[in-house]
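Read top to bottom, the protein sequences are chains A and B. Every letter in the first sequence is one number past the one before it in the numbering used here, and letter 35, counting from 1, is 35. Every letter in the second sequence is one number past the one before it in the numbering used here, and letter 295, counting from 1, is 295.
None of these hints come from the bench; they were simulated from the model. Keep in mind that a hint or two might mislead.
Calculated pairs, EDC-like style, for lysine to aspartate or glutamate (alpha carbon to alpha carbon, straight line, at most 16 Å) [to be verified]:
#	chain 1	residue 1	chain 2	residue 2
1	B	Lys211	B	Glu71
2	A	Lys168	B	Glu195
3	B	Lys156	B	Asp111
4	B	Lys156	B	Glu104
5	B	Lys163	B	Glu120
6	B	Lys211	B	Glu195
7	B	Lys288	A	Asp101
8	B	Lys156	B	Glu195
9	B	Lys288	A	Asp107
10	B	Lys112	B	Asp153
11	B	Lys94	B	Glu176
12	B	Lys94	B	Glu195
13	B	Lys165	B	Asp117
14	A	Lys168	B	Asp270
15	A	Lys168	B	Glu258
Covered, in the sense of this in silico footprint (three residues per stretch, anywhere, with C-beta under 8 Å from a C-beta of chain B), are these stretches of chain A [unchecked claim]:
#	segment
16	33 to 45
17	87 to 99
Note that CB positions come from ideal geometry on N, CA and C, so glycine has one too.
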Amino acid sequence: MGLRWLPIATRKHLLNIGLCLLLIWGIYEATIGPDLVSNLRDFTGRYGAYLLLITLLFTPFSQRFTWVKRNLWMRRNIGVWGFVYAAAHLLIWITLEFYFDWALMFDEVAGNLFILLGILAFVLLTPLALTSNNRAVKYLSFRKWQLLHSLTYVAIPAVIVHHFMAQKTAVLEPLLMGSVLILVLVWRYRHAR
Amino acid sequence: MPVKSSEITPEKVYKRRRVLIGAGVGVLAVPLIDKAYGVFQDKQEQLEKPLSQVTTQPSAELEPLVPTPYETITSYNNYYEFGYGKGDPAKAAKTLVTSPWSVEVGGEGADKPGVYDIAELKGESAIENHIYRFRCVEAWSMVIPWNGIKLSDVIKSAAPNSKAKYVRFTTVNDPEQMPNADWAGGPYVEGLTIEEAMNPLTLLATGIYDKPLEQQNGAPIRLVVPWKYGFKYVKSIVKIELVEVMPKNTWWLQNKREYGFYANVNPQFDHPRWTQATERVIGELGRKPTLLFNGYAEEVAYMYPELDNRLYFY
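Throw the hints in and build the complete structure from the sequences for me.
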């Protein structure tokens, strides 16, 4: 990569700024057209799912590409931003879509696998986002931290299935995401120690 | 004193990041506030704009209906022949030539079949104006001031015989004019029972807000059945057939578990993947409860004696 001359801290900031700008751009785009609420909800959901799926690719790709291996640090930033997008997605749903009508929200969630999966994924991702810092790794010990973060292999499949179930007809994109996920899971299974 | 980038300590970077995040949130707020103000203003304008006289007001009105802004109705559409996105039809549909346009009325149930020009069809009966709720199966809704004719008038003039048990509608299907014409593997087909077709609420719409229909809204003529989900409102109709057998409608063929033939609005029967109990009013925040038969129960419930039969409600 052409950015190796930059200090790693600067590269981290560039990545963070980039993902923040992407969010701002998405929110701006969402204001075009009449349906602000579903635009915002769908943008944050879709791009959050992309970011989370990307975090799973780091381990397998780092075995083959030294560039990925040198930049493993990116996984944490991308994962945390994926969580930020997911949190925005949930907040939009609670505020703009349901306007804090908890009774209605409960009705919508009860027995609705599609939304339950989304909520499950968010609940599982929350401790991971909170422990995505060096202090938490030290506090927990690396082994325990790693065990905790293997929850991604439950949370991210839930995200992808949730994304798939949200589609009316255009299922090609979530199916592609699902295929990538399955390839990663198969790879992980075969390389498990 | 300006600080050189090489002198920045991690703490300062951290503080700077806070400023950046703050700035980011500020930038986020601008389009949102702007949009919210726009929604508010549109509503004001709609309230002030007088609409042409409504000839029949369905009795089930629970509250005065405030029509959705014209710009919203014409820019938020499902018309897959022009793309899957809600904004695609408004951009892509202009290639559809809607004049001249003729509609073939026929089928084994019509004793007097014929091909009518749009002007002939409209000329046979007076244009009526109806403000109807519009409820999409995707759980969003609008309020639309339609202009159109009664479907029953068109059917009567085709002299229906005893074989006329259902009405089958076909949308134009031309790959030259429609970039995604083949999405369903054939023309878009919808159907009604003859009883539903003869109901006075059922319209063949030719306009919205006293303006001719835009292509993305189904120009030049489309079905309006306000107690059913939006996918029943077949657009840009080229053929109306009176038939003996229940037509196989496009969405039913796409997914027989999720979309049926009757597709009457009922908050009690959820879509397999989402609730139909409430709806998002486009351009407003929050959700509101969905009404049985979309608020038109008084006018249409007689046709569906079994209110617990899912057959009628998906």
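Hint check, failures only: Numbers 2, 5, 6, 12 and 13 - these are the hints that the structure violates, sorted from lowest upward.
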